[in-house]
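**Student:** Chains X and E, in that order, are what the protein sequence lines are.
With the first letter of the first sequence counted as 1, position 193 gets the number 193 in our numbering; the numbers rise by one all the way through.
Numbering-wise, our numbering comes out as the position in the second sequence, counting from 1, plus 1000.
Residues from chain X shown here face chain E by an in silico Cβ test under 8 Å; the list is partial:
#1 21
#2 40
#3 117
#4 126
Simulated from the structure, these hints should not be mistaken for lab results.
Glycine is no exception: its CB is placed at the ideal position from the N, C-alpha and C atoms.
Here are the chains, one letter per residue:
2 protein chains.
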Amino acid sequence: MAPLSEFELIRQFFSTLSAGRSDVVEGVGDDAALVDAGSGELLAACVDTLTEDVHFPADAPAEAVGHKALAVNLSDLAAMAARPTWALLALTLPQPDSAWLAGFSAGFRALAESSGVALIGGDTTRGPRRSVSVTLLGRVAADKVLRRRGARPGDRIFVSGTVGDAAAGLRLWQAGERHRAGAVGELLARLHYPTPRLALGAALGGLASAAIDVSDGLAADLGHILAASGVGARIEIERLPLSAALRQLFPLAEARQLALTGGDDYELCFTVPPSQEVRLRQAAARCGTAVTAIGVVEEAAGLRLVDGAGQALVLPQGGYQHFPAGPQP
Amino acid sequence: MAPLSEFELIRQFFSTLSAGRSDVVEGVGDDAALVDAGSGELLAACVDTLTEDVHFPADAPAEAVGHKALAVNLSDLAAMAARPTWALLALTLPQPDSAWLAGFSAGFRALAESSGVALIGGDTTRGPRRSVSVTLLGRVAADKVLRRRGARPGDRIFVSGTVGDAAAGLRLWQAGERHRAGAVGELLARLHYPTPRLALGAALGGLASAAIDVSDGLAADLGHILAASGVGARIEIERLPLSAALRQLFPLAEARQLALTGGDDYELCFTVPPSQEVRLRQAAARCGTAVTAIGVVEEAAGLRLVDGAGQALVLPQGGYQHFPAGPQP
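Please work from the sequences and hints to get the whole structure.
**Tutor:** The following block contains the structure:
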């Protein structure tokens, strides 16, 4: 979730703000922070904000906003192999709106209950536009943590589920599509009700060498793994997992571009040493989550795209942008 | 921080969202939540949002916004007797603004370092108005926790420092006052750079019967203690601790009204059994924080104001409102 260049701004001004604490195991810069709270396991913590007209359309169903505000954070913890436990909710609304709140809380509640998360705190304030900031806490054993760094040349690159669906759903929504059934309905559901890959993330702990959740787009997020690990990668675009709905409604080239650069899928992208590939496939099968090998980690920096014949392709310009409202910075 | 009736809205829609977790010791409804993270101590967590033109003037110094965004959360933990440890920052900005961010981070950093808080996570998003949401975590021994409930008839009511200063400072700021020196400067500093009472809060653990921090105004916040405890109180308005600066710049009646209904002072209001009063005064002296007995807890519900002769007074109408922008809901 980085329209304002979160990585640069936050790092520039805040990355060294440790106040001398030795219990900070992982600070700003991965999917979630890790601290040693003295319980034997690490405490994982992340925060993500969804703002109306930036991260969700103003006419998005309130239930979807409630679901998604929690889901994006669950996805961050999944990418660290952490089990979510407690959430805090900071809600900004232009005015008290019981109908919207009822829908929002229903969406939030259903996902919280199914993922075992208690809402323990909140703050409601007035502001010009709806905005939802969720802080999520969780727990993870120190030896199971997934990080962005850790990918090594030769590791296979995987992605869960299918990618590009949420970005396709956003295009459909912006074009006025509201069907709940069929391929349109499937892509809109992927936009509004993403499924955080908690079980898969937990299963990847101690098995994957690096992981991230796909929020900004597969190429961008894999790029974070590569940069953090000091490596490069080659992706075979014909291996990108595309849903039947996406292939039905979009030409193949466009579907692949959406898969590479579209955001908001909240799948997991991760790297696995060849020696762990059998265990990975068994673990994914136990979770009931499809995983697809899409490429390989290489020593040379950068992300290379190749077709089925090994021919180099150029990554389409203009990565994922969050739902735009007014001029982009 | 409750312009939107946080208490009613959040409770109506979210209070029972426990997902069956037995490790939630205190959920929504006190100054901070408490969970059992398995470390022997409880984990305390709170979140507060400051929105431009609602909680701070658009022309407030960026340093002050950074300071205050953390201070209001430190104050919540102080009111639970918790030691702050880790913070997450969700920042919404209309555009990337390095100068503002430099000031904001300097203010945030200085207070974080002096209070031993590490910034472990963040999210930066674009939105129509600056908004800062800080989640703060801390730790507290289970037998030292301060809650809002627990006040008993006969307990003495205390407040730390002086009250009314921040509300007076807001009036001065809105009237265009920008002096940094003298009485004006002192009141503006109380508005922009509140001092969370962390040492006093920690010292009150196991000693005070109930506590809250003064964010919405002394009468309103004491009212939360009384409601949570099922009791009432009598306050002697001549005992309200007023700063020399407040008395110098405002008539006595107005100063007292500000002290009762003005918000944003971030002092602690707490109740102490008579048997603990000597220990309390010793603890406060060790902290170097003035505390003033302002009244007594009584059985009959409601808050009664009396003058020095014991004559009843009427609480001024129109409690504290956050810095207004546009029509209030």
